[in-house]
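S.K.: Required output: the full structure, derived from the provided sequences and hints.
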Amino acid sequence: MSPVEMVVLVDEEGREVGLAPKATVHTSTTPLHRAFSCYVFDTDDRLLITRRAADKRTFPGLWTNSVCGHPGPGETDRDAITRRGAAELRLQVHDVAPVLPRFRYRAEHQGVVENEVCPVYLARAVDPAAITPDPTEVADLRWTTWDELLDAVRSRPGTFSPWSRTQTRLMAADGQPSRYLVRRTAPALAEEGRTT
1 MSPVEMVVLV DEEGREVGLA PKATVHTSTT PLHRAFSCYV FDTDDRLLIT
51 RRAADKRTFP GLWTNSVCGH PGPGETDRDA ITRRGAAELR LQVHDVAPVL
101 PRFRYRAEHQ GVVENEVCPV YLARAVDPAA ITPDPTEVAD LRWTTWDELL
151 DAVRSRPGTF SPWSRTQTRL MAADGQPSRY LVRRTAPALA EEGRTT
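Residue numbers (the UniProt record's numbering): 1 to 196.
Fair warning: there could be bad hints in the mix.
Quick list of the computed label-pair ranges, beta carbon to beta carbon [to be verified]:
no.	residue 1	residue 2	range
1	Pro60	Ala86	39 to 45 Å
2	Ala130	Pro21	37 to 43 Å
3	Pro3	Gln92	21 to 27 Å
4	Arg90	Asp151	27 to 33 Å
Don't read these hints as lab results, they were simulated from the structure.
Positions of the beta carbon are idealized from the N, C-alpha and C atoms, including for glycine.
M.R.: Put into structure tokens, the structure is as follows:
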């Protein structure tokens with residue numbers, strides 16, 4: 001029997017105030033809780049976007065970031081990114097870097113509310129060819145460029161999750177992820193022994 005997945009409830013300052021089973025949290029009165037979003041790039045700076053499975057309780061069938069989820073009790077965001085990346089996509093990442101550490105949002109779809117303190121991260125895929133989506137989580141995936149994603153969000157906003165629409169707008173206004181990608185070029189990764 002699988003253990004019950006718990007989410008961390010927080011107050012307006014982001015301080016932990018309790019725990020709740022994930023299965024009971026997302027309703028019409030969803031309490032504020034911890035989450036994360038991560039945008040994963042390969043070494044050619046292509047970005048992985050995913051489409052949520054059609055039977056997901058929250059925002060089914062919409063395109064979104066590479067991986068998102070909820071850190072468990074006592075779990076860091078980085079550990080949660082590693083765990084959810086492996087579970088949803090068999091994805092391993094490195095060079096996880098925060099880009100919107102104070103991001104928070106509330107959104108509603110078909111009577112179900114998301115209400116999250118949701119820091120945003122960028123990361124690199126260890127082996128993009130090994131990615132295998134779990135169909136109960138991910139209906140489709142695509143490698144694209146940052147500029148192509150921005151164009152798609154602007155031209156077809158209704159096909160993207162509300163958090164990814166806001167996150168991409170904020171990152172674009174701040175020069176992210178281009179500043180991060182310039183800093184994490186292939187020569188820099190090779191110097192660190194990350195590539196051959």
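S.K.: It remains to establish, for every hint, whether it holds in the given structure.
M.R.: Checked hints:
| no. | hint | result |
| --- | --- | --- |
| 1 | Pro60 x Ala86: 39 to 45 Å | 22 Å, violated |
| 2 | Ala130 x Pro21: 37 to 43 Å | 31 Å, violated |
| 3 | Pro3 x Gln92: 21 to 27 Å | 23 Å, holds |
| 4 | Arg90 x Asp151: 27 to 33 Å | 29 Å, holds |
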